[in-house]
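Throw the hints in and build the complete structure from the sequences for me.
Protein chains in written order, with my numbering: chain U, 1 to 326; chain A, 1 to 326.
Be aware that one or more of the hints could be misleading.
A short list of chain A residues far from chain U (calculated; beta carbon distances all over 12 Å) [stated by the list, open to error]: (1) 41; (2) 70; (3) 127; (4) 166; (5) 193; (6) 233; (7) 268; (8) 300; (9) 305; (10) 313; (11) 314.
So, partial list: chain U residues that the calculated Cβ filter (under 7 Å) puts toward chain A [unchecked claim]: (12) 35; (13) 38; (14) 39; (15) 152; (16) 183; (17) 201; (18) 248; (19) 264; (20) 276; (21) 295; (22) 304; (23) 308; (24) 309; (25) 319.
Hints are computed from structural coordinates only; laboratory data are not their basis.
Beta carbons: idealized from backbone N, C-alpha and C, even for Gly.
If you want the building blocks of each chain, they are given just below.
2 protein chains.
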Amino acid sequence: MSDLVEDLLAGEHRALARVISKIEDRSPGYREIVSELHRHTGSADVIGVTGSPGAGKSTLVDKVAATYRERGETVGVIAIDPSSPFTGGAVLGDRIRMGSNAGDMDVFFRSMSARGSLGGLSTATTDAVTALDAFGKDRVIIETVGAGQNEIDIVRTADTVAVLVPPDSGDDVQMLKAGILEIADLFAVNKADLDGANRTVQQLKEMLHYGQGRAGSDADDWEPPVIETIADSGEGVEEFMAAVDDHLDYLDASGQREAKQRSRYAAEIRALVRADTNDLLEAELAQRGGIEAYVDEIVARESDPYTVTEEIVAPLRECLDAPSQD
Amino acid sequence: MSDLVEDLLAGEHRALARVISKIEDRSPGYREIVSELHRHTGSADVIGVTGSPGAGKSTLVDKVAATYRERGETVGVIAIDPSSPFTGGAVLGDRIRMGSNAGDMDVFFRSMSARGSLGGLSTATTDAVTALDAFGKDRVIIETVGAGQNEIDIVRTADTVAVLVPPDSGDDVQMLKAGILEIADLFAVNKADLDGANRTVQQLKEMLHYGQGRAGSDADDWEPPVIETIADSGEGVEEFMAAVDDHLDYLDASGQREAKQRSRYAAEIRALVRADTNDLLEAELAQRGGIEAYVDEIVARESDPYTVTEEIVAPLRECLDAPSQD
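Structure (structure tokens):
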């Protein structure tokens, strides 16, 4: 085991921060580290929080994290920021500390952004959750803006997904139907003291009542509750946290936590295999003199895209068709 | 050469329709057909027409196609419809015929939709363009709604991309910035007799003047013209077609037609190789007893996603690293 892994498992936050940096940078050795850490995972609850900008996600997440700390639970927060450049280690813990009584490193806050592709961000987030879980955090919160499909894919890797809705967002509730509604295990109408909050709560309840959304709902009789919160004052935060725990209990009792985990692992294997194979093929193409020689043939009508593709893929096909030596 | 390919090259519209059906269905043998057809391509101008629903795309495309026919040029139209179910061969030519004096099959109209993935639709569209080009159509028009990234990817495979903008769409002009503006080689403000058309034309010209958009504009001194059309009455259609030809002339004179074509072929090779390799790996996974056995190991913490991925990818890596026998 590497020293870094050992230090992380011993509870050193500095080692945790370094591991997550390696994960984010795809530094040499990060895969071995994540592999080693995997066997120490399985005890954290992973909670996804998403919602449109201005819904009050960060305020609510800070309050929730602080309340977990007051109860003696440890927390890690990963805030996904796909648009802005990487904010770096300086943010570490700062945001949480300011708003919290805890003032300790047991709320570990990390902002992650897409250095490379958003697909890469998704894998990096999964790996960062592994690190936080192996470290021993009781609760891991993934916070995303929920803007695009990639972010939806990231937040849905959580055990429990909370969708924050701003009040009087009649249009937004309609918008929610496209992708977000399906993944919500609970809704929070935040800023519930503002005008229109009641109407938004009502709209959400009606939508849920008429059974729109909820993917894969055959084996799924969970009905997402709608919680009213005022994150600024802390009102409703306890109810929010109770609803999260209700859903986690439901997942355990119904066997769905394991089922969800299994399908997540399957998806992760597929994504990793795809990424690695693409890298291999790009290297193979480069070794064969690059793609331009093939393009020359196609332009000259001496070959065509399907024939070229078969030439490139054929060695793989033969290789895989050959009887295995295992 | 197959009879079907021979019939297509001999100018039989029925063979063309059957080939495009095979392409759309991914029927056995479609790849060999497209491969054979490729060497007969290279003479068609490919024109992409996109714009929001209600911008008047189909009316304009019909008028443009009919005008090409009156000039003695042959035309194929592929209308991309990613949302609705496949409309089938019945649509063949009907829409065009109704609005046209030509009344012949030399305007070949085909609606295509996403049977499988949108990625598949993109490949199928490219293949259908190959069939129309090999058939000898002088002009191939790809018509899309321009809603998502996939449709943008499809329409940008054209030599010349026209973006239709409805009048008084101040908000829409802002929206255009996200993706569509960059790919437009010319704009048409359709329904130019309606209120607000002048303002929209003005807004577009200002936006273009301030140089927003235009990806890869270093080697690119083409300034997209803004044409006013009234597709219903045919007003502006000649100007629209002249602007298309201006752009095609510009592409030829600047060498960009070939450069664009080369980068399209490179992208096509990569997409096909990726798709084929994914199929191979899924088959390999199935042969190894499916992904579930791997998930079992991961859940039991006997293995982890990266280790499993390496087990699956290692045979490919060895295979590709082995000295080539060519």
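Now the hints, each set against the structure:
{"no.": "1", "hint": "41", "in the structure": "violated (8 Å)"}
{"no.": "2", "hint": "70", "in the structure": "holds (32 Å)"}
{"no.": "3", "hint": "127", "in the structure": "violated (9 Å)"}
{"no.": "4", "hint": "166", "in the structure": "holds (21 Å)"}
{"no.": "5", "hint": "193", "in the structure": "holds (31 Å)"}
{"no.": "6", "hint": "233", "in the structure": "holds (36 Å)"}
{"no.": "7", "hint": "268", "in the structure": "violated (5 Å)"}
{"no.": "8", "hint": "300", "in the structure": "violated (10 Å)"}
{"no.": "9", "hint": "305", "in the structure": "violated (5 Å)"}
{"no.": "10", "hint": "313", "in the structure": "violated (5 Å)"}
{"no.": "11", "hint": "314", "in the structure": "violated (10 Å)"}
{"no.": "12", "hint": "35", "in the structure": "holds (5 Å)"}
{"no.": "13", "hint": "38", "in the structure": "holds (3 Å)"}
{"no.": "14", "hint": "39", "in the structure": "holds (4 Å)"}
{"no.": "15", "hint": "152", "in the structure": "violated (15 Å)"}
{"no.": "16", "hint": "183", "in the structure": "violated (20 Å)"}
{"no.": "17", "hint": "201", "in the structure": "violated (29 Å)"}
{"no.": "18", "hint": "248", "in the structure": "violated (18 Å)"}
{"no.": "19", "hint": "264", "in the structure": "violated (9 Å)"}
{"no.": "20", "hint": "276", "in the structure": "holds (5 Å)"}
{"no.": "21", "hint": "295", "in the structure": "holds (5 Å)"}
{"no.": "22", "hint": "304", "in the structure": "holds (3 Å)"}
{"no.": "23", "hint": "308", "in the structure": "holds (6 Å)"}
{"no.": "24", "hint": "309", "in the structure": "holds (4 Å)"}
{"no.": "25", "hint": "319", "in the structure": "holds (3 Å)"}
Hints 1, 3, 7, 8, 9, 10, 11, 15, 16, 17, 18, 19 from the list above are not met by this structure, while the remaining hints are.
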